[in-house]
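Engineer: Next come the chains, spelled out residue by residue.
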Amino acid sequence: MDDQVCPRCKTTKYRNPALKLMVNVCGHALCDSCVDLLFLKGEEYFFEVLCKLFPMPRTCSGIERLADWPAGSRHMTHCAGRCTSSMGALIKGIWDVATTCYREVKGVTGVKGYRKWTLWFTSYKLCCTFGLLVREWTNLHKLHAGEVEVLVRPGRELADLCGLRARADEGEVRCVWSSTIMKREIPEKTHQPAVPSGTISLCKNRGLIYLECYLKFILFPGSGACPECRIPLRRNNFRVQLFEDSMVEKEVDIRKRVLRDFNKKEDDFRTLREFNDYLEEVETIIFNLVHSIDVVATNKKIEQYKKDNREIILKNKTKLGREEMELDDLLEEEKFQEKKRKQENINEELEVKKIKMRKKEELIDELMFSNADAKNILENFVQQVEAVKEEKKPVVKVSQFSSGIKFNSQSQNFMPVAKVEEGEPFVYEETELEVDGPLPPSLDAVESRGFTGNIRAESEQERAGGFRSNIACLRVLQEALMGLYHVSHRTELPAS
Amino acid sequence: MFPASTQSKYWTFSDESDLNRFRQETNMNFIMKHGTNMTEEQRDATFLSAVEERLLLRQHELQLRDFCKHFSPAMPRSVIGTTFHYFKRFYAHNSVMDYHPKEILVTCAYLACKVEEFNVSISQFVANIKGDREKATDIILNNELLLMQQLNYHLTVHNPFRPMEGLLIDIKTRSSLRDPERLRPCVEDLLERSFLTDACVLYAPSQIALAAILHSASKVQENLDSYVTETLFGQHGADKLASLIECVRKIRTMMRNVETVTPPRDTMRQLEKKLEKCRNQENNPASQV
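Sequences listed follow chains A and B, in order.
Numbers 5 to 500, taken from my numbering, label the letters of the first sequence in order.
Numbers -8 to 280, taken from my numbering, label the letters of the second sequence in order.
Quick caveat, the hints were computed from the structure, so don't treat them as lab data.
No residue lacks a Cβ here, since even glycine has one placed at the ideal position from N, Cα and C.
It cannot be assumed that every hint is accurate.
[What the hints assert, rightly or not] With a straight-line Cα cutoff of 20 Å, these simulated DMTMM-like cross-link-like pairs (lysine to aspartate or glutamate) come out: (1) B:K93 / B:D257; (2) B:K163 / A:D448; (3) A:K269 / A:E287; (4) B:K0 / A:D440; (5) B:K163 / A:E451; (6) B:K0 / A:E436; (7) B:K0 / A:E438; (8) A:K310 / A:D257; (9) B:K231 / A:E438.
[What the hints assert, rightly or not] Sample of chain A residues lacking proximity to chain B, with all beta carbon distances greater than 10 Å (derived): (10) K310; (11) L334; (12) N351.
Excised from the complex, chain A in its bound form (with noise of 0.2 Å):
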C-alpha cells in the first residue's frame, strides 16, 4: 500500500504518511487535502488573483495547471516538511514562480526546524498572496498560532500603499499570520462572496506591522466536480479507499446503492427461474452503471422499478432490519457464551491452584509433625495426587442460560409472512333477476305503458338527488309480481 498515490498532487504515502485516499461515487482517488481543495469556494477566483499578481512564464490558470507544476521543490520540501499536501503543492507552486519570475526575493531560511520559516519579498502583492497562502495552509494543518510566521521586507510600493514610508526604511516588516488573528477576523461559515481583503495596522509598542489580509474561503458541502471525469460529487460522499483497485469502490458502492432498492427475496417469486432472471437484471444494471454504459437508460430503468415497486421494497426494508437484529441478537448471545466460558475456565483454575496449595501445605505439615517416615509421606502424598488426578472428571457444563432463552427462540417469534396467491380475476357477470312470477315491465316500459301516472311524480329536490318516479314504480310492480308463483320449496334451517 506504500505505492498509493494521490492522482492530483502526485503526493505517495512514502512522503506524508498520513496520506488518506478517498474515493467518491464515481471511483476516481483522491488524498483527503485535494478533497478538501475541491469544495474550496472561490477557489478560482483565488487562482485568478494570483495569475493577475504573477505574470506566469508559462500559460497556465486555475488549479490544474498549478498542480501540474513541478512537485519536489527541494527548497521547499527542505524548509517545509509537511508540504506534501496539495496545499503545500500550492505553496511550492508559488514559490516556484517567485523563484522565477522575482529574483528580488532574497532567499529562505529555515529556521529550528521545518515549522518556522522566513521569506524576504520585495513586492507587496506578493507578500499579501503567499500571506494568503500560509493562512489557508495553516487552517488546512490546523497549525496553533506562532507556529508560521513571515517576515515581510517591505519595497517601496508596500510603503506606498501602507503610508508607511518612514518605518519602512527602516527597515523590516515583520507579518505575522498566527491563527489566533484568523479566528477573530474570519467570521465562521459566512457565506459570502470571495472577496479579496486586507488590513493593516501598525503595532506601535512594537515596532512590527501585522499584515492582515485574507481571502475569504469558504468550505462549503455542496458541490465540486471531480477533476477526472467532471461528474459533480458531494462532499459527504467520499469515503477511505478501502480496495487498492477504485474501480472495485467504485463498483461496492454502485452496488450498495443498487441493492438498496432491488431488495426482493426469493420468497417473492414463484419460481426459482423468475429470481434468477430477476438476479440477471440487477447484475446487468450495476454492470452498466459501473462502466458507464447507457447510463440515463439505466437509470430510468431503476427509477421505473422504485416507482413500481414501492410496496415491496419498503416491506423488505424493514424485513431487512428485522433480519439484521436477529443476528445481532446472535451476535451477542454468542459473545455472552464467550465470556461466560472464559469465566468459567478462570475458575477452574483457581480452583486446582486452591487444592494445590492446601496439599502443600498438608504435606509441610505432615512433615513437620507427624511421627512417620518421610519418605512414606512424600509417597502417600504422590499417591494422593494421582487418585484425585483420576477422579476429577470432566464438569458437566451447563449449556442453558438460566433465564432459559434458546438461539432462534428470536426468529421463531417472528411468523413468516404467508404468501397470497392471487385468483383468478374478476369477471362481472350480470346478476339474473329471479321473478318467479309475471315478467315485470323494464324501467322504460314502466313511463311508455302509463304507470307512472298512476303515481306520484317526483319533487324538484327528489330529481335533483336523481330519483325518478319511474324507479319507485318499477320496484312496486316488481315487488307486486314477483313471487306470485311462488310455492315453498323450504329448506331446512341449519342446525344450530
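Place chain B on chain A using the hints.
Structural biologist: Chain B in isolation, oriented as in the chain A frame:
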C-alpha cells in the same frame, strides 16, 4: 327481492301442517327435556300442550298488534309486519315455555324498528311500555341477540305492503276497474289482519297482497278475475294460475277466519298461571335460578 330472499328459502313453510309439525316438535322437545322423570299424566298437568301454546301466542299477538298500533311515534306498517314475522319465526322453533312471549314480543318490535330503519332509541321505545321500564330495557337488550340468533340472522323481511301498492298501480293502469283507490281501506285492514294468521310464513307477500285485493274487490261487488287471468298472468302464466287460485282461496279463508276477539279471560288466566309454573326458570329474569 323475495324469490332470492332468505324469507323464501328458509321461512316460507310449505303448508300449515309443515308449520304445525315444527310447533309440535318444539313443544315435545321441551317436555322431554324438562319432564324426563314424569308420567304422562303428570306431564299433561304440568306442561302446556302445543294447542295451549298456540292459544297463548294468539293472545300475545293481539297484544302485540295493540302495542304497535298505540306506539308513539307512530310505527310504519312495515315495522309492524316485520315484528310479526319475527315473532312467528321465533316461536316456530322455540317453545313458549322456554321464552316467555311477553318478553320476546317487545324484543321483536325493537329489532324490527332497527331493521326497518325506524329510528327510536331504547329509552324512547320503553316509554311505550307500562310497568318497570328499566327492567324492560334490560330484558329487551338481553334478548335482542338471542332473537337474532334464533332468526339465524335472517333479518330482511318482505312485507305485503309494497306489493299491494304495486298491484294497485297495475290495476289502475291495466284494468278497467272503476276507482281502485276505494279498495285501499279494506285491503289495508285485511293485510293487518293477515298478520294474526300464519299467512305471512306460508305465502309470498305478493300473493297475500293479491288475495287481500281480490277479497276486498269481491266485498264491493267488483270482479277482478279477468284482470288476474288475462292481464296479470296472460298466456305465459296460464299453467301457474291453478296454484295461485288455490293459495288465494286459502289466504282468503284464513283472513276471514281470524279471531280478533280474545279468548275467554278465565282460560287465559289459567294458562298464564300454568306457564308461570312450567316455564324454563333459567330464562326467567325474575327467578332465582
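Engineer: Hint by hint, say whether it matches the structure.
Structural biologist: Hints versus structure:
1. B:K93 / B:D257: Given that 20 Å is the threshold and the Cα spacing comes to 19 Å, the pair holds.
2. B:K163 / A:D448: holds, 18 Å
3. A:K269 / A:E287: This hinted pair holds, its Cα atoms lying about 15 Å apart.
4. B:K0 / A:D440: The given pair, whose Cα atoms are some 13 Å apart, holds under the 20 Å limit.
5. B:K163 / A:E451: The hint holds at about 14 Å.
6. B:K0 / A:E436: Holds - the C-alpha atoms of A:E436 and B:K0 are around 17 Å apart, at most 20 Å.
7. B:K0 / A:E438: Judged against 20 Å, a Cα distance of about 13 Å means the pair holds.
8. A:K310 / A:D257: Holds, at about 19 Å.
9. B:K231 / A:E438: Holds. B:K231 to A:E438 sits at ~16 Å (cutoff 20 Å).
10. K310: holds, 47 Å
11. L334: Holds, since 51 Å exceeds 10 Å.
12. N351: holds, 66 Å
When each numbered hint is compared with the structure, no violation occurs for any of them.
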